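Chemist: Those sequence lines, one after another, are chains A and B.
Take the first sequence: its position 143, counting from 1, is numbered 143 in my numbering, and each next residue is one higher.
Take the second sequence: its position 235, counting from 1, is numbered 235 in my numbering, and each next residue is one higher.
Think of the hints as simulated: they come from the structure by calculation, not from any bench.
Treat the numbers as computed from the prediction; the structure is a model and nothing was measured.
A hint or two may mislead.
The list treats identical chains as interchangeable, and a pair is accepted whether it falls inside one copy or across any two copies.
What the hints assert, rightly or not - Simulated pairs of lysine-lysine, PhoX-like, Cα-Cα distance not exceeding 25 Å:
#	residue 1	residue 2
1	K106	K279
2	K80	K279
3	K204	K249
4	K332	K80
5	K106	K282
6	K306	K139
7	K106	K286
8	K258	K79
9	K12	K133
Next come the chains, spelled out residue by residue.
There are 2 protein chains.
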Amino acid sequence: MKIICEKENLIKGLNNVLKVSSSKTTMPILQGILLQTNNNELKLTTYDLEIGIETIIQCEISEQGAIVVDSRMFSEIIKKLPDSQIRIELLENNLLEIECLDSLYKLSTMNPEEFPELPKIDIEKSISISDFKLKNMIKKTIFAISLDETKPIFTGCLLEVLKEKVNLVAIDGFRMAFTSDMIVNNCEPFKAVIPGKTLGEINKILAEEGIEVKIGVAKNQILFEMDNCKVISRLLEGEFINYENVIPKTRETRIKVKTQEIITVLERASLVSFSMEEKSKKFPTKFHIEVGKLTLTCSGSLGNSKEEMYLETEGKELEIGFNHKYLLDALKACEDEEVYIDFATNIAPCLIKPIENETYLFMVLPVRL
Amino acid sequence: MKIICEKENLIKGLNNVLKVSSSKTTMPILQGILLQTNNNELKLTTYDLEIGIETIIQCEISEQGAIVVDSRMFSEIIKKLPDSQIRIELLENNLLEIECLDSLYKLSTMNPEEFPELPKIDIEKSISISDFKLKNMIKKTIFAISLDETKPIFTGCLLEVLKEKVNLVAIDGFRMAFTSDMIVNNCEPFKAVIPGKTLGEINKILAEEGIEVKIGVAKNQILFEMDNCKVISRLLEGEFINYENVIPKTRETRIKVKTQEIITVLERASLVSFSMEEKSKKFPTKFHIEVGKLTLTCSGSLGNSKEEMYLETEGKELEIGFNHKYLLDALKACEDEEVYIDFATNIAPCLIKPIENETYLFMVLPVRL
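Just chain A, same shape as in the assembly (with noise of 0.2 Å):
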């Protein structure tokens, strides 16, 4: 393997392919990137048995090749090097020979053949997205993903995909996170539940540079491409919630408040919150609604706070509890100035959602005060 490539190239593949190469795992292959060539093309894949992604940069390849290399050590050493052309080259001694102006580097290698294949795929359904659209879809669920591995459906999103429609929803049995988007599906509409990690990923990977992304998926896989790079996932397996019915379908009081307002109020009210005994315990924070005012109250050990805030309110008068982080998550991925909240009594949950349309709706589950 003998290659010639720019550094700016080489570091956008490698930052796309470098979001999976985990150290945690006890394969030390799977710690390695594993570089081929094919004709002016290098391609780069990592995998963590999980999630794979491979990414496809252009460089000048004077002899064919394929080798594995310590994925943190050769990136690091790509990342600091001069902006200059690199040359990277195999060794007859197995080394990975990295010269750039008056820098030489020989890194030792791994068998290519020990590097485990991706999944292949065979695209059943897909649809394409744009990035803006899939990332907002991405950041207004994902902070509502189960990090408790007992109930594993939890731990994904539920990617719903209906005629002209997609919907993305997460669930913790604490609060629910829901997103919807126009799309053109010429497909049958179907469903697939992405593990939380794998979104995290293309969270990351997706640069916004409004581009189409392609998602397909199969049996129990599912393939994000974008550009010059391909992100392939097994999904999660089982039956998600029927996420309509849990919402409550009556309304008996309504608020409508300025979003960073509330935030800011909220995160204050509830800096008293916490226990001295118990380091994981919250005290909840106390909504009173009344005509034109919500006060917000909290109690903890070291002292109690109480908030007012003058807004417009809608139906009966209600005292709710919650715990406060759910609901500042939830409030901190509204991207409107003002929304609505509303609520049925005081063992519903809530539900916030934009005043202008029903693009999103995030749920939250009272504490019993």
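Fit chain B to the given chain A structure using the hints.
Modeler: This is chain B only, laid out in the frame that chain A set:
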């Protein structure tokens, strides 16, 4: 106690004293901040039995008093309040009430009489130095202070006050950092060894506003006075090494390097220095100096590196090895674009110093190759 003050003033005061109050202490009162009024001034005090900080802010006081309140909780609430006037009042039930616009907080308090008194200090000798100079001197030495508690004297910096000069010196067994500046001293020369932690706190407090800092010492205490802020700390006891004796007097080889360039090259060459077997072990980086050329090489578990730099050299050819971290710490503390590195033999420490003057001198011991 009943106070009205501007948020901005209170924040400034809190930022000074909060450098110290420790959450690790076993005495709960030391997690507190002592608030004391005196006419139209509010004094804030924190103390961890080693370092005490007092700062004074102006405010409107309608009822004098003193109280101790949890410093983290109090400061987080104050920081998050709207930018406006804050009313602070000690209620009859010993709760501290904080009110600002529509926000109302009540915090539990501690008895101010239980707050340990800061040591009284009878200044014997003192100097005055600009905050710019002092901060710069701390920056140039603090990195070389030893963290090894078995030799307590080296966990501090030697402050050496001469007739017209002040020196600051840190040594940790592998390297030394020396810095010097001109002052007007009307006292007798004196020496004191300041704990590294104290210098770290002072460094954080110094805002480089062009103010004078008065440094006074007593038998085993040191006092730093800046504007409305005082820091008092114990001194380290014992004899500091006679650092002048350990500086090599001969020079066989000299190189003149561009500081930023050698930092970049050394960081890159040392990327391969780590050991897969022992995580803490670092393979040395080898310097080979010939006429007009410096070659850096390093070999680690995953590969090796070679970097060539063309530069001005003087004297004998030399091969010498270093722990790159120690060299980098020193080079990063240099403010000059170019510096000299002087060598005697390959078992003697190298000296890093400015080309134009003698305001600092860094010494790093080599590693046997």
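Chemist: Compare the structure with each hint and give your call.
Modeler: Taking the hints in turn, this is what the structure says about them:
no., hint, verdict
1, K106 to K279, "between (50 Å within a copy, 21 Å between copies)"
2, K80 to K279, "between (42 Å within a copy, 22 Å between copies)"
3, K204 to K249, "neither (36 Å within a copy, 55 Å between copies)"
4, K332 to K80, "between (36 Å within a copy, 17 Å between copies)"
5, K106 to K282, "between (53 Å within a copy, 18 Å between copies)"
6, K306 to K139, "neither (31 Å within a copy, 44 Å between copies)"
7, K106 to K286, "between (62 Å within a copy, 16 Å between copies)"
8, K258 to K79, "between (43 Å within a copy, 21 Å between copies)"
9, K12 to K133, "within (22 Å within a copy, 43 Å between copies)"
The structure fails hints 3, 6 (numbered hints given earlier, in ascending order).
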